[in-house]
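Work from the hints to combine the two standalone chains into their complex.
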Amino acid sequence: MALSYESVHRKRKGIDLKRLKKSWQLYVIIFLPLAFILLFHYGPMYGIQIAFKEYDVTKGIFGSNWVAWKHFDRFIGSYNFRNIVWNTVSISLYSLVFGLPVPIILAISLNECDSKKYKKFVQTVTYAPHFISMVVMVSMVILALSLNNGIVNNIIAALGGTRINFMSKPEMFKSIYVLSGIWQNMGYSSILYLAVLTGIDPTLYEAAIIDGASRMKKIRHIDLPFLIPTIIIMLILALGQIMNVGFEKIYLMQNKLNLSASETIATYIYKIGIENANFSYSAAIGLFNSVINCVLIVLVNQVARKVSETSLW
Amino acid sequence: MKSRKLFGLVSLLLVLVLLAACTQTPTTTGTGTTGATTTKATTTAGTTTGSTTTSSNLTPAGELPIVKEKVELEILIAASDTVLDYETNGMTKKMEEWTNVHINWTMVADAAESKPLLLASGDYPEVFRISMTPEELSLYGGKGVFIDLTSYIDQYGINMKQMFDYDSSVKRGLTIPGGKIVSLPTYSKTYHMTACNKMWVNRTWLEALDIEVPKTLDDFYNMLVAFKNDDPNGNNTADEVPLTGVDVVSWNSSIPYLMSAFIVTDNTPGRYFVQPYTGAVDVVFDKPEWREGLKYLNKLYAEGLLDAECFTQDSALRRQKVESGVIGATGSNAPSAFAVADSELFKAYDAIPPLVGVSGKQQTAYIPSGMEGTSVGFATITSACENPDVAFRWFDLLYSEETIYDNLFGTEGEQWRKADAGELGINGEPAIWKTLEGFSGVQQNNSWYQTLPTFRRAEWRLGEVAAKPENYYLRAGMETRIYDATTLYEPHYNTNVTPHIIYIDESVASEYADTKTALYDYMYTSTAQFITGGMNPETDWDGYLSELKNIGLEDYLRMTQEALDAVG
Numbered sequence: 021m022a023l024s025y026e027s028v029h030r031k032r033k034g035i036d037l038k039r040l041k042k043s044w045q046l047y048v049i050i051f052l053p054l055a056f057i058l059l060f061h062y063g064p065m066y067g068i069q070i071a072f073k074e075y076d077v078t079k080g081i082f083g084s085n086w087v088a089w090k091h092f093d094r095f096i097g098s099y100n101f102r103n104i105v106w107n108t109v110s111i112s113l114y115s116l117v118f119g120l121p122v123p124i125i126l127a128i129s130l131n132e133c134d135s136k137k138y139k140k141f142v143q144t145v146t147y148a149p150h151f152i153s154m155v156v157m158v159s160m161v162i163l164a165l166s167l168n169n170g171i172v173n174n175i176i177a178a179l180g181g182t183r184i185n186f187m188s189k190p191e192m193f194k195s196i197y198v199l200s201g202i203w204q205n206m207g208y209s210s211i212l213y214l215a216v217l218t219g220i221d222p223t224l225y226e227a228a229i230i231d232g233a234s235r236m237k238k239i240r241h242i243d244l245p246f247l248i249p250t251i252i253i254m255l256i257l258a259l260g261q262i263m264n265v266g267f268e269k270i271y272l273m274q275n276k277l278n279l280s281a282s283e284t285i286a287t288y289i290y291k292i293g294i295e296n297a298n299f300s301y302s303a304a305i306g307l308f309n310s311v312i313n314c315v316l317i318v319l320v321n322q323v324a325r326k327v328s329e330t331s332l333w
Numbered sequence: 173m174k175s176r177k178l179f180g181l182v183s184l185l186l187v188l189v190l191l192a193a194c195t196q197t198p199t200t201t202g203t204g205t206t207g208a209t210t211t212k213a214t215t216t217a218g219t220t221t222g223s224t225t226t227s228s229n230l231t232p233a234g235e236l237p238i239v240k241e242k243v244e245l246e247i248l249i250a251a252s253d254t255v256l257d258y259e260t261n262g263m264t265k266k267m268e269e270w271t272n273v274h275i276n277w278t279m280v281a282d283a284a285e286s287k288p289l290l291l292a293s294g295d296y297p298e299v300f301r302i303s304m305t306p307e308e309l310s311l312y313g314g315k316g317v318f319i320d321l322t323s324y325i326d327q328y329g330i331n332m333k334q335m336f337d338y339d340s341s342v343k344r345g346l347t348i349p350g351g352k353i354v355s356l357p358t359y360s361k362t363y364h365m366t367a368c369n370k371m372w373v374n375r376t377w378l379e380a381l382d383i384e385v386p387k388t389l390d391d392f393y394n395m396l397v398a399f400k401n402d403d404p405n406g407n408n409t410a411d412e413v414p415l416t417g418v419d420v421v422s423w424n425s426s427i428p429y430l431m432s433a434f435i436v437t438d439n440t441p442g443r444y445f446v447q448p449y450t451g452a453v454d455v456v457f458d459k460p461e462w463r464e465g466l467k468y469l470n471k472l473y474a475e476g477l478l479d480a481e482c483f484t485q486d487s488a489l490r491r492q493k494v495e496s497g498v499i500g501a502t503g504s505n506a507p508s509a510f511a512v513a514d515s516e517l518f519k520a521y522d523a524i525p526p527l528v529g530v531s532g533k534q535q536t537a538y539i540p541s542g543m544e545g546t547s548v549g550f551a552t553i554t555s556a557c558e559n560p561d562v563a564f565r566w567f568d569l570l571y572s573e574e575t576i577y578d579n580l581f582g583t584e585g586e587q588w589r590k591a592d593a594g595e596l597g598i599n600g601e602p603a604i605w606k607t608l609e610g611f612s613g614v615q616q617n618n619s620w621y622q623t624l625p626t627f628r629r630a631e632w633r634l635g636e637v638a639a640k641p642e643n644y645y646l647r648a649g650m651e652t653r654i655y656d657a658t659t660l661y662e663p664h665y666n667t668n669v670t671p672h673i674i675y676i677d678e679s680v681a682s683e684y685a686d687t688k689t690a691l692y693d694y695m696y697t698s699t700a701q702f703i704t705g706g707m708n709p710e711t712d713w714d715g716y717l718s719e720l721k722n723i724g725l726e727d728y729l730r731m732t733q734e735a736l737d738a739v740g
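Listed in order, the protein sequences are those of chains A and B. The opening position of the first sequence corresponds to residue 21 in the working numbering, with each subsequent residue numbered one higher. The opening position of the second sequence corresponds to residue 173 in the working numbering, with each subsequent residue numbered one higher.
Treat the hints as calculated values from the structure; they're not laboratory data. Warning: the hint list may mix true and false statements.
[To be verified] Restricting the straight-line Cα-Cα distance to at most 20 angstroms, the calculated cross-link-like pairs of lysine to aspartate or glutamate (EDC-like) are: (1) K79/A to E678/B; (2) K189/A to D693/B; (3) K343/B to D737/B; (4) K315/B to E74/A; (5) K606/B to E584/B.
In isolation and in its complexed conformation, chain B is listed as follows (with noise of 0.2 angstroms):
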């Protein structure tokens, strides 16, 4: 009997799992299996054949809807955390009226899974919604995968010129070798991202001990050894650590604010050339000037001033510290980064500006914010494309200022409004729009919330109604006071930058990839431990420049012009 009922059991636990497997929501790919419908496009009039629908079925161009008979176009999307179901969004609902484009969506569960296997298996849905890499882009866009925009651009693309218009260096990222334009980006220029180099003191502790914000190295390094030995606290312990930071470089790292009063260094990994751009690429960690602000890091580190664990911390770490309230500056872009939001500690830090450097003046790095690596590929619309011209128009709508209302909130008076006359925008202007309580960034139906293509201007994005004054010190006034903190920075950019998208040869990829992996591995290295005192600014300078050449720099340096030049 016993064994009976054991054998029922499990036979019923068996029947369960597999049940559990079959009802499992197909997920569908491109190659059209099960699930999701992937009809192209049926129009009645018009035809299916060429690459073109008859302009007897298009509206001229900038005129809405799109289409005058119906047309379909098939998207494929990852599943995203913030939007519900594509298929009865409204934005989705509120884009079919407006161009009289009805939607296929294509559900992916997984973006970086599936699009190696879409790219290899030849049967490409009419539009991809997975970002590209730039190599990709220039891989398959050169084999024909994605089509060539160009001539939409030229025809149809009364919002992306005004995108080229506004910055560029987008028309010049999005062109691959051979000088197609493969892809469509999604563009947001965040102002308070272009200063990332920030450094933040604590206010609090030059109060207490009477120093004004330091303007020079000199004024910085006296500014610590204060913090150090003066017991800025006040808890009558000499735990304070001046200066702390995470990694050699990230947004998160307090090297790169200091080594730019020597010599101006961004803080994106792998991007260490020298600025301004004069048409010659060069890097900046083999120039006397570093080697000079290798030598003031490493006194820092040595008398005590600067965090021995800055190197082996992570940021969770750090805000650890910070919040035990023992932090006197830290590199950051934002207190959020380093502080658990609306605490004491959170309040209590001021963004300074950038310190006079050797050169007399004060530097800081210029970060080109709106088109990133990851954004410039958002989009692309393959050969399997039926309309493509009714594809590009259909994404250039989304360019515009007047669907980006509904295509990051949703419904105006529910999600959003615009501004009432008299509220001020985060830049202190006359605001433009405000969400509201309807609207949340988490698993929501009624936008697509920044999972299509946008166009966002940095006026645009600080014409947001700005928080009350009163919450400035709180996670709620936060976008005003990093605003404010990058207008400290602002005035000593130069905005002339090597580009930062960069597409290299199929021919040299992995030549580059080896070559320039090793370079900045041993770049990151050398100067930890030139700073941590391994290796000595003085006499292990020349046995590091001599390894750099070892490894390739000048090779690096080459292909990166080859790359740079090709694209003109």
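Just chain A, with the same shape it has in the complex (with noise of 0.2 angstroms):
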């Protein structure tokens, strides 16, 4: 059936019943995704009231006492507290300056590889570190740093140099953690982007031959024009995760020397909220951080609107 200019052009003003009507099961599909969200993750926001009440369970979410801000107050007052938050913030800044670029640049070399085998063995090789589980990695980091066996030293050893005691020295638990992150995940980040970039039709190329452009100059006008989106949405994202830098893996990295620079809000509250099932003061730090990720996601996505084309909304 031929669509009429008015049924494509008609002003929408509210609900358009009909458009509905025609493709009613696409909304069924959606209804129960929508449903599953709107149940169990705006559902129980409700409780996020127990940030501002001494939650106590024999009296439930709503018959607890409120206590405004003094959760807040406590966790703000804390001894370490602009230490510990800079260091999440610091390394989460660090981890997406420094991890942002890798898989990129990562995804536009594969893309230029002219032998498959070739391509497929470095695909393969970086990307296997992925599926190490985060125990087993950190158990490795810190047996390839070790002082007088580990293979980073030796090789320092070897040249001429004095070995270094990485894991004691607090202004390199960021570098460590960072790099060994960019180790791990390169591969698996670089998929993306990889992804989008076989997507490029080869005329393009074809046409930068013919007008004689060099590789790095099909990379920057061809290659790059394309990323730029994905790599808006992902820096958007992933700036939206900046107050959650992960527990495990800071854990197992952490010792007494180093603690300067490896306590971050996520093991502090494991270390005090081990010993209270303290729901409250725990909730009002994950509104804390909730808060800040929500104003930096939002910022950064109007930034994005201004400067290019392409935005979360």
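What follows is the structure in structure tokens.
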């Protein structure tokens, strides 16, 4: 049935019931996930109020007393607050700034690869570390950096330098954390970008070659523009996670000597919270984190909208 | 055709996935949903409304069975690696025979997850066999969720009173602020754990260099220097690491042993209290003796005698180093922690006695083993229990000497036997018992193996038939070996220690937790830095002290003192 001019260009006032009826199956499909999100993600949000209450299990959420900002005061007033928040934010930003470009470069390089065999080989080698468990990975890192037997120090000594006790130095902690993370995840993260690149129309490349473009020029004028929307989305999403530095890896890599650089919000709460089932306090800190994440994501989205055509919404 | 096949395959897969989800064994919780029955007591004679069974159904205290007419009791317990099925377990059947009480087991898959949910729901099982923390005992015990057992202990607690007599810290540790006792502990006094700060030295190296076991701090220092310079492992390379350890404070750290020569230092995190306890609690890490100890340790570190990685490595890495034959000495509670069982290196280490300290005497920390913070709230009887007196007597029976073998191991003659005359125990005294081939600590159904409360005296534990002398240095003989090691430390114990189970009042709990965490984090980091040279014990000490003050050392001590005094 041909579409009439009106049906396509009709000004939409309110809900277009006719269109709705035509594609009702799609709405049915989307209904289930939507209901799931509403029920399990938005529904329980009323529980956030315990961040402002002294949650007492015998009184329940609604029966507990209001204490307003008490938990936030406690958190912000705690001895190490500034250091902990700084560690959390800086580790996140550091991971982002160095972690974002590497998978992109990897994807572009793989795309430029002529030999299929070599490409597959590199892909396998770079994807493999992603599947190693966190505990094993940290063990490997500690061993590799070990003072007397670790491979890194052995190389340093062979080149004539003095051995360094990496894990004992707070100033090195963040770098070790970020670099090991990049090593582990760059292959897996590059998949997304590689997918975009393989979807580029080959005739564009041919046209560029005819125009006399070198390899670098091709990358700059074809690959990158196609990748930018994906990069921006990934960036916005990553910034929305900035306060959520993962607990496991930090906790495993922490030791008494690098604590000043390795104590993050998650590990701090673990140490305090493990003593009492302190729901209110943990909820308050979670809220604190989420609000910051939210503000950031909105800000960055606005910037992205103004600066480019891509944005999350 | 192809898409049809694919569609068929996908739908088959979906159906299988749904089926798999449906046939999972339902895990029940105290809210009594699906699965196991959670019937309450239904006695025919006697009341079910009041909080006690009428005395007509209960037999006199100390007699078995506990009730004349069968009574049902619900126990909520977490699934265990070691017990196959509580319903059909050998010990369950025996207990039912002896006591005439039928247990309805309510299983939960994950205790840590279920516990807060169950407590929050308000729908409690009759008995929790999930460990409660001191905070939870104080909180819920105070509200009456866990009932007060004091009167039952007086009336029926024959075995529990014996436990109180054996170790005076038990009653003290169980009493929550307000004076009630709301939990049933599990108690196991492990003799060798009373001296966790043992130092193990490589015997073959001492022999190779013809050095005697060090007695003073200077002897120890000289021994380490000899280890470093004189190639005791005979491979012509200077690869020896004289002393190593794991972390600042832990059972595997070398710091507490050496620090004790200056000021007695426990190795349990969060327990750096001055011993003996004089009624006023104090910490050791701001004392001049501590400072002297730091200087000594710093000297060891600076001269390469203390492993530079001791604060950054984990036990696995240390074990590797030991196994490669480069370690001279290390702190630990047992060889199994730092060596692979039955290897050459496993056999090579001997424990040495405490060093003569600056006071002129040998001194070491006494660690009260027995009832830890984790075992004080091992089981609790809730306000939902229909027959709390029956429940209490049932648990009290588990603390007796008669039920312990069936509780832990299984049936006499199959999993365990009494010792023969002439067999010696770990402590060299006549032995009491021995486990047999039929006993295993994994996946069995003969006993409850440590998942229900027990009362194990130190002498009973040491009454296990010892391994043959030829196995002394093997894994099989390790119990005897660490017993002997502990006897080196015992003469120097001061058993009057700061009570280790502390109930903090709810109103200050969060401030206490915050201050304590900040304090100890700073202390650990500073100690590590003082030793490794990042901070100087000469010049930075005053800054360290004032920072401790800043964080709230005085508040911490005050709150701890109040908590200790509240229980009296």
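A quick look at each hint next to the structure:
A hinted pair counts as satisfied when its Cα atoms are at most 20 angstroms apart, and K79/A with E678/B qualifies at roughly 16 angstroms. Under the criterion of a C-alpha separation no larger than 20 angstroms, the hint pairing K189/A with D693/B is consistent with the structure, at around 16 angstroms. Restraint check for K343/B and D737/B: the C-alpha separation of about 15 angstroms stays at or below 20 angstroms, so the hint holds. At most 20 angstroms may separate the alpha-carbon atoms for a hinted pair to count; K315/B and E74/A meet this at roughly 16 angstroms.
Between the alpha carbons of K606/B and E584/B the distance comes to roughly 10 angstroms, so the proposed pair stays at or under 20 angstroms and holds.
Hint violations for this structure: none, all hints satisfied.
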